[in-house]
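Using the sequences provided together with the hints, build the complete structure.
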Amino acid sequence: MKTYVDAAALEDIKRRFPAVEYSGEEAKPAVYISADELIALLKFLRDEMGFTRMENLTAVDYKTYFEMVYHLFAWKTADTCKDSADENLWITVKVKLDHENPEIPSVTSVFSGSEFEEREVYDLMGINITGHPDLRRILLWEGFPGHPLRKDYKQIAPPFVERITRRGH
Amino acid sequence: MAGTETYTLNMGPQHPSTHGVLRVQLELDGENIISATPIMGYLHRGVEKMLENRTYVQGVPYTDRLDYVSSMNNNFGYCRAVEELAGIEVPERAEYIRVIVAELNRIASHLVFIGSLAIDLGASTGMLYTFRDREEILDLFNLVCGARMTFHYIRIGGVNRDVQPEFIEKTYKFLEHVPEFMEEYKKILLGNEIFMSRLKGISKLSQETALSHNMTGPNIRATGIPYDIRKVDGYSVYPKFDFNVVTGKNGDNWDRFNVRYNEIFESAKIVKQALDGLPEGPFMAKVPKVLRPPKGEVFSRTEGTRGELGFYIVSDGSTKPYRVHIRRPSFVNMQGLNDMCKGYLIGDSVAAFSAIDPLMGEVDC
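Chains A and B are the protein sequences, given in the same order. The opening residue of the first sequence carries number 1 in my numbering; numbering runs sequentially from there. The opening residue of the second sequence carries number 1001 in my numbering; numbering runs sequentially from there.
Derived by calculation from the structure, the hints in this document are not laboratory data. Beta carbons are placed, not taken as given, at the ideal position from N, Cα and C, and that holds for glycine. Any given hint might turn out to be false.
The calculated label-pair distances, taken between Cβ atoms and stated as ranges, are [claimed, not checked]: (1) A:Glu48 / B:Glu1176: 51 to 59 Å; (2) B:Met1050 / A:Arg136: 20 to 28 Å; (3) B:Lys1249 / A:Phe144: 43 to 51 Å.
Spelled out as structure tokens, the structure:
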């Protein structure tokens, strides 16, 4: 089963980053951080707490705000774990973004493997990612109107094409 | 002295060896590749958006169409995520049946890989042989769920229907057949000098590079990192079975081929053990007619045939998911394509696409 970070580790993070918010009650706690401190937090998690894998990166539109979601995983192998009872750990990092002008720094400087996923978020959710090495739309073409995964997205009606019928019908 | 300049060549989207509709922009210096940029989206249907407008149960057949060569594994991943969200306990017999069909599908998918790699390298006989044997698995699935490609067999809470004695009997027969046809492939492909020289030492990735591209599945195991979610997470009933994680050493195409080749044996081992230990009992949990998972979110992952398949589902307490995000292994693995092509010849790029084994239905989602 999945094990999430415990309260002691969360307090540790809180000590390093006082701006961090979390709810200790939940079984799967998520760490909320501001966009400015995101990179520093991820660096800390990777280098000092062993969260070396960015398993999933996505964004959710909550109508009044956006939320970036990062799922990090610490894989304890024979090489990396000091104590054999060490378990694989999960942590969720979330960033709330303004709905009008969403902008977030790219995490590719810390986890270079999230390049395509960030492009996907930019393409489908319309969140501007600053400092990304190659920020282009990935699934849709340049010039596509709107961002389909937003909740307020309205599909443009397809062009009306008159039906070709046989003469007299 | 005459200078040279590079030029751009589009491979695809109609190229027969790009496995569907992948377009790769190659920057070439003569015949040497300087960079390869994958351009995708030709098969983008917006599955994530479609799932938002359908109930949880209606979402299952859409996952069939992601990675249409291994639909069972996708059903499995999605159903596990919804079950975790709604707190549904799955009966043991159902878990066993799920593992059986998922592993059979893994064999079928790897057979397609071997066949398409062979045909991409010019050995069209290889494809005929592997598709002949894949047919047997499709017939088994046809028996158990009535479909040959998009199964929609694994449901939320269990499986659609129980397996018949005929299925079990025929699966045993198929398992006996596995070493026979693998021996045949060995004779056709593994000892073939052209096949070897096209794969050995080509598209090498070091462990650091593969990790930095966040690759998963056979692609990362080929570099020697034993990252297999079946072992790492130990989900479902996998911890009860004895199987090895196959790893390579050099991280070249030859290792990617060998990892998948040997994984077929491991999958067959799991199916054998699961069939032997198949418990009696119900095959479906009690699932409410109208499924309303509590408010919350879940990220659940399984080992798909191409790597780590994850589902992130946000529920707002209604019958439809608020947001579904699918972490598709082929999509993330595509990041490694540039490093796999750089410095090699155009002909090797074909082997590189094939060795990543992307499925465009999954990449474009």
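| query | Hint by hint, which ones does this structure get wrong, listed from lowest number up? | reply | none
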